[in-house]
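Trainee: The hints should help you fit chain B onto chain A, whose structure is shown.
Chains A and B are the protein sequences, given in the same order.
According to numbering that gives the first Met the number 0, the residues represented by the first sequence are 0 to 213, in order.
According to numbering that gives the first Met the number 0, the residues represented by the second sequence are 0 to 232, in order.
A hint or two may mislead.
What the hints assert, rightly or not - Below 27 Å or equal to it, Euclidean Cα-Cα: the simulated DSS-like pairs (lysine-lysine) are: (1) A:LYS19 with B:LYS92; (2) B:LYS222 with B:LYS150; (3) A:LYS112 with A:LYS99; (4) B:LYS92 with B:LYS124; (5) A:LYS112 with B:LYS150; (6) B:LYS124 with A:LYS152; (7) B:LYS150 with B:LYS54; (8) B:LYS54 with A:LYS90; (9) B:LYS222 with B:LYS54; (10) B:LYS222 with A:LYS197; (11) A:LYS197 with A:LYS152; (12) B:LYS45 with A:LYS90; (13) B:LYS124 with B:LYS222; (14) A:LYS19 with B:LYS72; (15) B:LYS45 with B:LYS72; (16) A:LYS197 with B:LYS72; (17) A:LYS112 with B:LYS72.
Since the hints were made in silico from the structure, they are not lab data.
Remember, it's a predicted structure, so these values are computed and weren't measured experimentally.
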Amino acid sequence: MNGIHDMGGMQDMGPLQYEKNEPVFHAEWERRVFAIVTATDAPPPGLRYEAELIPPAEYLRMSYYEKWLTAFVTLMLKGGMITSSELETGKPVTGTRKGKLLTAAEVPALLTKGEPSIRNVPVAPRFETGQRVRARNLNPVTPTRLPRYARGKIGTIERDHGVFDFEDTAAQQLGDNPQHVYSVRFTAGELWGEQVPKQDSVYVDMWENYLEPA
Amino acid sequence: MTTTRRDFLAVAVTAAGATVTPVAASAHRNDHDHQVVPSDPALRVKALESLLVEKRLVDRAALDALIDAYEHKIGPRNGARVVARAWVDPAYKQRLLANATAAIAELGYSGPEGEQMVVVENTPKVHNMVVCTLCSCYPWPVLGLPPVWYKSAPYRSRAVIDPRGLLREFGLQLPNDVEVRVWDSTADLRYLVLPERPPGTEGLSEEALAGWVSRDSMIGTAKVATPVEGGHS
Numbered sequence: 000m001n002g003i004h005d006m007g008g009m010q011d012m013g014p015l016q017y018e019k020n021e022p023v024f025h026a027e028w029e030r031r032v033f034a035i036v037t038a039t040d041a042p043p044p045g046l047r048y049e050a051e052l053i054p055p056a057e058y059l060r061m062s063y064y065e066k067w068l069t070a071f072v073t074l075m076l077k078g079g080m081i082t083s084s085e086l087e088t089g090k091p092v093t094g095t096r097k098g099k100l101l102t103a104a105e106v107p108a109l110l111t112k113g114e115p116s117i118r119n120v121p122v123a124p125r126f127e128t129g130q131r132v133r134a135r136n137l138n139p140v141t142p143t144r145l146p147r148y149a150r151g152k153i154g155t156i157e158r159d160h161g162v163f164d165f166e167d168t169a170a171q172q173l174g175d176n177p178q179h180v181y182s183v184r185f186t187a188g189e190l191w192g193e194q195v196p197k198q199d200s201v202y203v204d205m206w207e208n209y210l211e212p213a
Numbered sequence: 000m001t002t003t004r005r006d007f008l009a010v011a012v013t014a015a016g017a018t019v020t021p022v023a024a025s026a027h028r029n030d031h032d033h034q035v036v037p038s039d040p041a042l043r044v045k046a047l048e049s050l051l052v053e054k055r056l057v058d059r060a061a062l063d064a065l066i067d068a069y070e071h072k073i074g075p076r077n078g079a080r081v082v083a084r085a086w087v088d089p090a091y092k093q094r095l096l097a098n099a100t101a102a103i104a105e106l107g108y109s110g111p112e113g114e115q116m117v118v119v120e121n122t123p124k125v126h127n128m129v130v131c132t133l134c135s136c137y138p139w140p141v142l143g144l145p146p147v148w149y150k151s152a153p154y155r156s157r158a159v160i161d162p163r164g165l166l167r168e169f170g171l172q173l174p175n176d177v178e179v180r181v182w183d184s185t186a187d188l189r190y191l192v193l194p195e196r197p198p199g200t201e202g203l204s205e206e207a208l209a210g211w212v213s214r215d216s217m218i219g220t221a222k223v224a225t226p227v228e229g230g231h232s
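Here chain A stands alone, though its shape is the one from the complex (with noise of 0.2 Å):
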């Protein structure tokens, strides 16, 4: 979706704000807040996607952990775990769900391995190191990790840094889809025109069904 979270090239967002020596957590809230999001399995479309729908407004007016109680609330309403009368309440209505629970001793395990998206099987690169490619022009209005910056924009491949679920189905559970995933250069001049540095570059993140040759 073209939203607010997508800011990549705008201009008009102030200046940096850096403060020196800052905490993990600002507020007790902060660190729960952190705590249940990282321990919970939220349903479909998951934290980020929801995030991306808060209202423009309210997501720049938002701290950073308010957005993820905000997404991870709504996110737990439509996935039916909670409902808002529980909220209001506090007490559980829909009886003590079963099933998945991370526990205080399988923490050190989760801290360890993550949660890795590559996937180790056999697909084909459609592109290879050096090759030109050019950004395919998409604006689908559901979650995608392609950035407007880089749309209809020609770069370089730089790497292939092997096979990866697709984002954008997966997050719709449309499938995983998994495909190479590129590092791709573009030149500071291809992206922003002839008054930036010649010899600055970005490099993009994209998977293979972003781009097309070039």
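Mentor: Chain B alone, transformed into the frame defined by chain A:
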């Protein structure tokens, strides 16, 4: 709240067919029930956590363990050790640049948001800088959780269009003969910058070197301070 993902997709697909007006799309947005919990985040989170615990969807001890890990164990000291090792051990540096995930795991660092790592090397003629324009992707196992500025609109928006201007705001002025490479973490790869080893550190141990490597130098928004110039920055 009865809106399901399928409903969302139905709206989305219809909208893609341009048969739905923006009003319908925004009606869907308003469907997001943001007001059912108290507006103060602290109260909202307290109520949410109690409910999830009662429903056996989360375990309080697991939450405490996660918080403890990211506040006390997983942070930029990990990345600093990776960098210091690469500075003193050329074979390790080679492995790190060729297969960062495996080389970082050699030092015991792995896990969420670091499943697939890439390390990019700064040189006198190349300066690398990492951003996630779409959200907040960041290599947790080696740097911990990202600082607020990294997740903020000013950084995410300008890193790709004006990296040199942004770096000046960090206090770093790069000469024109240095090539700036910005890495936008748009997929599942996570990036760590291998900063240049500063002059005057030849006699330092690996451990002492790690003490000089700042978080920002591994994001690419700073250089590693030079000991001879005095003091940690």
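Trainee: Hints first: check each against the structure and report whether it holds.
Mentor: Hint-by-hint comparison with the structure:
{"no.": "1", "hint": "A:LYS19 with B:LYS92", "in the structure": "violated, 30 Å"}
{"no.": "2", "hint": "B:LYS222 with B:LYS150", "in the structure": "holds, 20 Å"}
{"no.": "3", "hint": "A:LYS112 with A:LYS99", "in the structure": "holds, 17 Å"}
{"no.": "4", "hint": "B:LYS92 with B:LYS124", "in the structure": "holds, 18 Å"}
{"no.": "5", "hint": "A:LYS112 with B:LYS150", "in the structure": "holds, 24 Å"}
{"no.": "6", "hint": "B:LYS124 with A:LYS152", "in the structure": "holds, 26 Å"}
{"no.": "7", "hint": "B:LYS150 with B:LYS54", "in the structure": "violated, 32 Å"}
{"no.": "8", "hint": "B:LYS54 with A:LYS90", "in the structure": "holds, 9 Å"}
{"no.": "9", "hint": "B:LYS222 with B:LYS54", "in the structure": "violated, 49 Å"}
{"no.": "10", "hint": "B:LYS222 with A:LYS197", "in the structure": "holds, 23 Å"}
{"no.": "11", "hint": "A:LYS197 with A:LYS152", "in the structure": "holds, 16 Å"}
{"no.": "12", "hint": "B:LYS45 with A:LYS90", "in the structure": "holds, 13 Å"}
{"no.": "13", "hint": "B:LYS124 with B:LYS222", "in the structure": "holds, 13 Å"}
{"no.": "14", "hint": "A:LYS19 with B:LYS72", "in the structure": "holds, 20 Å"}
{"no.": "15", "hint": "B:LYS45 with B:LYS72", "in the structure": "holds, 25 Å"}
{"no.": "16", "hint": "A:LYS197 with B:LYS72", "in the structure": "violated, 42 Å"}
{"no.": "17", "hint": "A:LYS112 with B:LYS72", "in the structure": "holds, 16 Å"}
In terms of the numbered hints stated before, the structure departs from hints 1, 7, 9, 16, listed from lowest to highest.
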